[in-house]
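Enquirer: Sequence:
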Amino acid sequence: MLNLIRVLIYHLTNSFDNENNKEDSAVVQSSSKLHKVALERLKERGVSLEEIAELVYDLQKPYIADISMEICIENVRSVIKKREVQNTILTGIELDVLCEQGKLSSPLQEIIQEDEGLYGIDEILALSIVNVYGSIGFTNYGFLDKTKPKLISKLDDHQNKDQTHTFLDDIVGAIAAAAASRLAHDDPGISDIMK
Numbered sequence: 001m002l003n004l005i006r007v008l009i010y011h012l013t014n015s016f017d018n019e020n021n022k023e024d025s026a027v028v029q030s031s032s033k034l035h036k037v038a039l040e041r042l043k044e045r046g047v048s049l050e051e052i053a054e055l056v057y058d059l060q061k062p063y064i065a066d067i068s069m070e071i072c073i074e075n076v077r078s079v080i081k082k083r084e085v086q087n088t089i090l091t092g093i094e095l096d097v098l099c100e101q102g103k104l105s106s107p108l109q110e111i112i113q114e115d116e117g118l119y120g121i122d123e124i125l126a127l128s129i130v131n132v133y134g135s136i137g138f139t140n141y142g143f144l145d146k147t148k149p150k151l152i153s154k155l156d157d158h159q160n161k162d163q164t165h166t167f168l169d170d171i172v173g174a175i176a177a178a179a180a181s182r183l184a185h186d187d188p189g190i191s192d193i194m195k
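For the sequence shown, full-length UniProt numbering assigns the number 1 to the initial residue and increments by one for each residue that follows.
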């Protein structure tokens, strides 16, 4: 596991260095740069904020009468602005890419490539996103992970052996769950007690 962490740190550092050779790789990246890179990585992997927002909309429509896609997209954007979320996006996508390139050691290479059911580290990484937004986020994430609707199903489809989304499908679900939780916490109409 320690070797995996070293490889990951090496590759993440090099990907930042390749973008700007003048930067010292030991310098911590600014939040705005991390944010930009996280959004770019999602886009490169075929994930749009609108598709994540659709998941949020579907989760919260039964509870928030005046919900709109614009509000859902705004909450997805707010979740992704958090540094913990950006770090999770970059880490998970990097592991998926390294797996696609065959750069992980065995048996981890095969475990991630096959998205082995008992692995669970992909879910644990995704929970670092959900953890920021409380218990509603956890239950929403569990629901999305079990039912795999829309974009999550597309990412979880193992038909294309050239692509690995072992971490990304869970990260997308976690972002949607966190955004839905954020919406729920901001809606005073949800709690009868607080009316």
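Treat each hint with caution, since some may be false.
Under the rule of at most 27 Å between Cα atoms (straight-line distance), these lysine-lysine pairs were calculated in the BS3-like manner [to be verified]:
| id | residue 1 | residue 2 |
| --- | --- | --- |
| 1 | 82 | 148 |
| 2 | 148 | 81 |
| 3 | 81 | 43 |
| 4 | 33 | 148 |
| 5 | 81 | 161 |
| 6 | 161 | 61 |
| 7 | 82 | 161 |
| 8 | 33 | 61 |
| 9 | 148 | 61 |
| 10 | 43 | 82 |
| 11 | 61 | 154 |
| 12 | 61 | 150 |
| 13 | 154 | 81 |
| 14 | 103 | 36 |
| 15 | 103 | 43 |
| 16 | 43 | 61 |
| 17 | 61 | 103 |
| 18 | 36 | 146 |
No lab work stands behind these hints: they were computed from the structure.
Enquirer: Any hints from earlier that this structure breaks? Give me their numbers in increasing order, please.
Expert: 4, 5, 6, 7, 8, 17 and 18
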